[in-house]
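Residue numbers (my numbering), protein chains in the order written: chain A, 1113 to 1480; chain B, 1113 to 1480; chain C, 1113 to 1480; chain D, 1113 to 1480.
Be aware that a few hints might be false.
One copy or two, either will do: identical chains are not told apart, so a pair holds if it fits within one copy or between any two.
[Stated by the list, open to error] In silico DSS-like links for lysine-lysine, alpha-carbon gap of 27 Å or less: (1) K1305 <-> K1362; (2) K1439 <-> K1160; (3) K1268 <-> K1160; (4) K1269 <-> K1320; (5) K1171 <-> K1268.
Honestly, the hints are just simulated from the structure, not real lab data.
Protein chains: 4
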Amino acid sequence: LAATRRHGTCGYVLDPSHNLDPELLEIQKVAKDFARQEMYPHMEKWDKEEHLPVDVIRKAGEIGFGAIYCSEKYGGSALTRLHSSVIFEQLAAGCASTAAYISIHNMCCWMIDQYGSEELKAKHLPQLTSCEELSSYCLTEPDSGSDAASLRTTAKKQGDYYIVNGSKAFISGAGTSKKYVVMVRHEGQPGAKGIFCLLVPVSNQIGKDNFGFNIAMAGLNGGRLNIASCSLGAAQQAVDLAIDHLKVRKQFGKTLSEFQWNQFRLAEFAAKVHTSRLIIRDAARHLDEKSPKSASLCALAKLHGTENCFEVVDGCLQMFGGYGYLKDYPIQQYLRDLRVHRILEGTNEMMRLIVSRDLLTNSTHWSA
Amino acid sequence: LAATRRHGTCGYVLDPSHNLDPELLEIQKVAKDFARQEMYPHMEKWDKEEHLPVDVIRKAGEIGFGAIYCSEKYGGSALTRLHSSVIFEQLAAGCASTAAYISIHNMCCWMIDQYGSEELKAKHLPQLTSCEELSSYCLTEPDSGSDAASLRTTAKKQGDYYIVNGSKAFISGAGTSKKYVVMVRHEGQPGAKGIFCLLVPVSNQIGKDNFGFNIAMAGLNGGRLNIASCSLGAAQQAVDLAIDHLKVRKQFGKTLSEFQWNQFRLAEFAAKVHTSRLIIRDAARHLDEKSPKSASLCALAKLHGTENCFEVVDGCLQMFGGYGYLKDYPIQQYLRDLRVHRILEGTNEMMRLIVSRDLLTNSTHWSA
Amino acid sequence: LAATRRHGTCGYVLDPSHNLDPELLEIQKVAKDFARQEMYPHMEKWDKEEHLPVDVIRKAGEIGFGAIYCSEKYGGSALTRLHSSVIFEQLAAGCASTAAYISIHNMCCWMIDQYGSEELKAKHLPQLTSCEELSSYCLTEPDSGSDAASLRTTAKKQGDYYIVNGSKAFISGAGTSKKYVVMVRHEGQPGAKGIFCLLVPVSNQIGKDNFGFNIAMAGLNGGRLNIASCSLGAAQQAVDLAIDHLKVRKQFGKTLSEFQWNQFRLAEFAAKVHTSRLIIRDAARHLDEKSPKSASLCALAKLHGTENCFEVVDGCLQMFGGYGYLKDYPIQQYLRDLRVHRILEGTNEMMRLIVSRDLLTNSTHWSA
Amino acid sequence: LAATRRHGTCGYVLDPSHNLDPELLEIQKVAKDFARQEMYPHMEKWDKEEHLPVDVIRKAGEIGFGAIYCSEKYGGSALTRLHSSVIFEQLAAGCASTAAYISIHNMCCWMIDQYGSEELKAKHLPQLTSCEELSSYCLTEPDSGSDAASLRTTAKKQGDYYIVNGSKAFISGAGTSKKYVVMVRHEGQPGAKGIFCLLVPVSNQIGKDNFGFNIAMAGLNGGRLNIASCSLGAAQQAVDLAIDHLKVRKQFGKTLSEFQWNQFRLAEFAAKVHTSRLIIRDAARHLDEKSPKSASLCALAKLHGTENCFEVVDGCLQMFGGYGYLKDYPIQQYLRDLRVHRILEGTNEMMRLIVSRDLLTNSTHWSA
Ligand SMILES: Cc1cc2nc3c(=O)[nH]c(=O)nc-3n(C[C@H](O)[C@H](O)[C@H](O)COP(=O)(O)OP(=O)(O)OC[C@H]3O[C@@H](n4cnc5c(N)ncnc54)[C@H](O)[C@@H]3O)c2cc1C
Ligand SMILES: Cc1cc2nc3c(=O)[nH]c(=O)nc-3n(C[C@H](O)[C@H](O)[C@H](O)COP(=O)(O)OP(=O)(O)OC[C@H]3O[C@@H](n4cnc5c(N)ncnc54)[C@H](O)[C@@H]3O)c2cc1C
Ligand SMILES: Cc1cc2nc3c(=O)[nH]c(=O)nc-3n(C[C@H](O)[C@H](O)[C@H](O)COP(=O)(O)OP(=O)(O)OC[C@H]3O[C@@H](n4cnc5c(N)ncnc54)[C@H](O)[C@@H]3O)c2cc1C
Ligand SMILES: Cc1cc2nc3c(=O)[nH]c(=O)nc-3n(C[C@H](O)[C@H](O)[C@H](O)COP(=O)(O)OP(=O)(O)OC[C@H]3O[C@@H](n4cnc5c(N)ncnc54)[C@H](O)[C@@H]3O)c2cc1C
């Protein structure tokens, strides 16, 4: 890292290039250019039309953003979780909700790549990693949200196929997706242990039997980092936009940036954005290295990142005054898009639950 | 880092060993043992008697904690800022206010080591680096606190000596210290430019003339990290103590740790402590590498760390109920000791000022 | 009040009937029934279609909600600001943004009623108080938001008419309204003193010349209370809906209401809603009595009420999990609608400015 | 109220005279003068020496502050809870911890006055209401804090006396007090139902048998309001002191009051102090009228008041910079004294519990 830093000329405390080596900087630039050219100009329209831009996602797939941390064999980019975080940060600035969906597709690809049989992968992964086909992650049900292990959808083998019985809810990409990674239950086998993972509609099991809940949770570790990275990217963008606005907009004969309240609020936003960046990237490194505490670190990063980045966007919106509320300005869209990051991939209450379990189990006794 | 992590067996998300390599772990252990044996058993008494334990500080000097990041030539430990942060984290758990004073002494030693002439260093540093003599940092005056550059104490050369005229305020260690690093002004030269740095009572100038304010500020970069590290160490300790208490104390037929509110609050504390650790250590690394943004990063780390760690200690105190308020329990002492970290070495409002200047000057235009 | 309370059977701490006498309770019931029957069933549709329901507003006018605190002579309801607050609380539960618009129309009517000539009132008020015609309040301009006194739209008398020159921005009801209460400037007369108030398109001055800024501000005192009351009504409704949801929704084999975190969060919401109610109603009473501190109290009530109620709705949304984000559920709409209350009728930063001026001018010296 | 307000000349939004009628204003003045003359000059010394100033409390008793809301028959002042709140607000500015103790003595007197037999009252109340003798409230035990109903101290009648067996903890005034109102249990009768209330050392039962827990809780309703009033009085004082300081202290060539951050923070403090005042006084009125929701309102007032007032004092301390931390300035003492108000008379977590029970039981269904 030293080299990069020493040669860097920019001293901006919120620079997204913080601590990145040249290779990561390059990927970051690719993602940024993509977000700037292919996403940002359209995000308002996509929002208005509640449109998932399949064509643009396909282009993202072409440059390797559909399966960032999948192995190369079937088309993955074989990059790290840190790369993934850096990429989603940029994509989210271009359109936070589209980026969030792409992150889910990445999660599905990884689950297949990681746990699927060679046969399954050979047959189905290439289309997915390239984003030719899109996929959905199907865990939640109407009666089973936070308590995902209580899901009731069953699947029963019948010849070559599975008869799936039950209903899923809140599935991102549903309708658009060609493949569904579905968590289902063996009838009569309650709890997390009774769950397995199925690729629908092709009816292939992914991973070991009765191991579906673990697979689902393993997927979510990365998912949470990516969602938090989406929050981060939008928050960074909100701060940069707010700073631009404050410097230009005048009231009371001064630019808004001359008012101390605004200055000091910006500094508070910087603390939130910067710590979000540090905690997310650190968790990504730990996940890359399969550290035993990566699940807790991912949960903590999701909790801290999505809460703080939401607050930042909310505060930046305020700095735009009435303009912040207008649909012509992207800031209100980031705010709406980020609101759900505190809920999906496990609510932030569930993140507190995960972290507190770690704390109560593993805490050390300093003075002992 | 990878090696360490992979071999680590502990998965505790708040483990202070987070990301440390074996060498840092070793230093950490030394500091921890010292804090546990020489400080923690006495912190209540020192507080009661408002006592600065000179003898214990001298022992700390013997193991190299008096001049952690000074060069070895005159007795410094030649370690990094990251080492320093790790050390102060541990010392603060032993006694936060004593640790804070030691950090100021370190700052003085470094200023002399960094800017003093060889002659000056040869003559005065060895006693200081070993803590045989203690030192104070003298910037603040009754009428000049946040606006330190407005200081009015003058010093005028008269033969071999300087006639110093004016008064300083809030000087940690005053009375106990043998050496004072004093920021003074050339009469008739207003502003930051008129300030130079003097070693009192020996009347030797430290560093270039009219360069005193820069020296004072350079010292504070490290000072802020160390103070924030003191907050961090106390907060970590508060959380670990609170967890112990929650697991043992029963009310309503359950241990307090079974109540969800307490669990979820712990998770929030974890986010605050962990991000404090990350932001402080990251800033330390940048300071070690003389990154152009280290001043901003140090200010941001001080702001985030001292605010959040105070909140954590306050929240942990609450978990002790009435016991948290008793002088028999260390938690209320940590709270009182940490309160002032939000004020000294530049108030957190001044940190906001420094950071906001960076933001308004250096912010990048993503979408441009 | 005593009588009411003693006879009240309900002990609900958040009961909107808190401290209301029988007459106010009756009006409250009328407003509630109206909101429940005429607004709530349609609020989702109006939002989707970005529709201002003129017909429903007219019905509100028929029962006296178009000019609540105007004198009866030209059709006002001659009620107090406290009535007004109680009414808007209820209407906002039916649809917060429609209620907010109605509050602006009320403000316009009051400004005419209070400051207009008898001739003007006789000719134009009856249609407005009955909501046959709707009105808009026109202060903000593209370059003049928080600094409203810097407005640049000029009006120059030419025979019976005024030539109005300039542009207004963010005008609620623009397009739909038949009458516009417009703050304009005499050319060449800068500052607040150069402003007068014009009824457009009829080209009649409202109130004394060069007194337009005072009229605009006088209108906003009540406007701020009403907007804050809208936030309050939506927050109350959000809490009641969340409680219903928590009691019914099960996860982990328990209703969500059994989880302590949710319980304790509810209590925090209660503190926010209840203090919002108290501060708003208290300010309303002071405004009714023309107390010298009513402007500050209104500003403080707007600041506290709109900030806290927004946080409450945000927190309640979280309790709905994914459902809170769905457009089928009203909660996300309340959140979006309340976001702008922190901005309009003077941003909450301007409220801080107003209050701090009072504090710095009028603070008393207890120990003197 | 109208009359008072109209004649008032002061428009200060934080005026403690807010909404008070002439009679209450008079009592307020008496309390203020007492606090200013008899307490404020000594609070630093009492703190240093950890001294409970029995002589000054006796003087407070002489002017009727020992039994504010007890009947006149045996020396009470026969005032309302609102009076009591107004009085403790003032006393706390003079010394928050002494005021808090006086509030506990008031609670004991009231419990005897309300539930004791005529005989008991005739014999023991006069010395207490006059503060000739002081009293303590004894509920908490080492193993029974928040879960007070689990207390284990037993009392068994033996002839004219009771043999009391067990230990109490955290008893304010213990040592100094002559009378102890002690909650004890009939051996073998578990739970709240097995508790009765005893006046010790005179061994007289207070109130009905097996009714002791209800008596204890009834006492705490008023106790919580008074403690919250103590927080309020200290917070008000902190704000007034901070304003004085900001107006006088100069840095960067300006008074601190000219910096917008400080101004806006003051406004936020005002919202906290003002809503605390409103919620406490409103709950007091409800308690005076025995409204069915008074227990919830008192709990909510304690929660909101003690949390917010603590934050205010903390924020005001910050405005004093280093001076805020010095023992020469009262602000740090207020902060320490207020910290425990969030814990005693039921922790603020227990307040959340009480309020949430009300919410989940009594919430109304607006749209039903
Ligand atoms: C836009 C969107 C996209 C989504 N995409 C997907 C997707 O692609 N695939 C998929 O499988 N799911 C998806 N989800 C579902 C999402 O993961 C769930 O909504 C989420 O996990 C919460 O579940 P729930 O909505 O059932 O809420 P619930 O579980 O009913 O929770 C409601 C509230 O209660 C709280 N709560 C629950 N249990 C407890 C407890 N024990 N203690 C304290 N509080 C508790 C929750 O934190 C929450 O605040 C999506 C949701 C949304 C809104
Ligand atoms: C226990 C303790 C130990 C200390 N040790 C040392 C030491 O060893 N050596 C030393 O030199 N100093 C020391 N100090 C002094 C400390 O650094 C100063 O107290 C601090 O810098 C603040 O200065 P001040 O107290 O004069 O507060 P002021 O500068 O008067 O500030 C008062 C308040 O106003 C705010 N403020 C000031 N300017 C502005 C502005 N422009 N905009 C907005 N807000 C503003 C501040 O943030 C603060 O909240 C110590 C202080 C304490 C309490
Ligand atoms: C939905 C909607 C409806 C509206 N309806 C009406 C209407 O009917 N009639 C009407 O006249 N107006 C209306 N407005 C306008 C509204 O009142 C203004 O948007 C508001 O007053 C803020 O002005 P601005 O948007 O120009 O923001 P700006 O004044 O540019 O403010 C931008 C940011 O800077 C802050 N700021 C400004 N000055 C200072 C300062 N001195 N110190 C610190 N911070 C400062 C502000 O608080 C804000 O955060 C409406 C606005 C909206 C969004
Ligand atoms: C200075 C001082 C003066 C006092 N004066 C008196 C007095 O005069 N008379 C008297 O009788 N008592 C007195 N007390 C005692 C005081 O009322 C208790 O300390 C208080 O009720 C808390 O009890 P505890 O200390 O046992 O804490 P615990 O009950 O052990 O609580 C510890 C923590 O756990 C939390 N907790 C407990 N139960 C739950 C739960 N179910 N869910 C979630 N969180 C929970 C608490 O909120 C707290 O944060 C005093 C205390 C102090 C510090």
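Right, here's what the structure says about each hint:
In this assembly of identical chains, the alpha carbons of K1305 and K1362 lie at most 27 Å apart only when taken from different copies (21 Å versus 61 Å within one copy). In this assembly of identical chains, K1439 and K1160 lie within 27 Å of each other by CA distance both inside one copy and across copies; the values are 9 Å within and 14 Å between. For the identical chains of this complex, K1268 and K1160 are neighbours neither inside a copy (41 Å) nor across copies (42 Å), given an alpha-carbon limit of 27 Å. With identical chains, the CA atoms of K1269 and K1320 are at most 27 Å apart within one copy only, with a shortest distance of 15 Å there and 70 Å across copies.
Within a single copy, K1171 and K1268 get their C-alpha atoms no closer than 37 Å, and across copies no closer than 58 Å, so neither meets the 27 Å cut-off.
In this structure, the earlier hints numbered 3 and 5 are contradicted, and the remaining ones agree with it.
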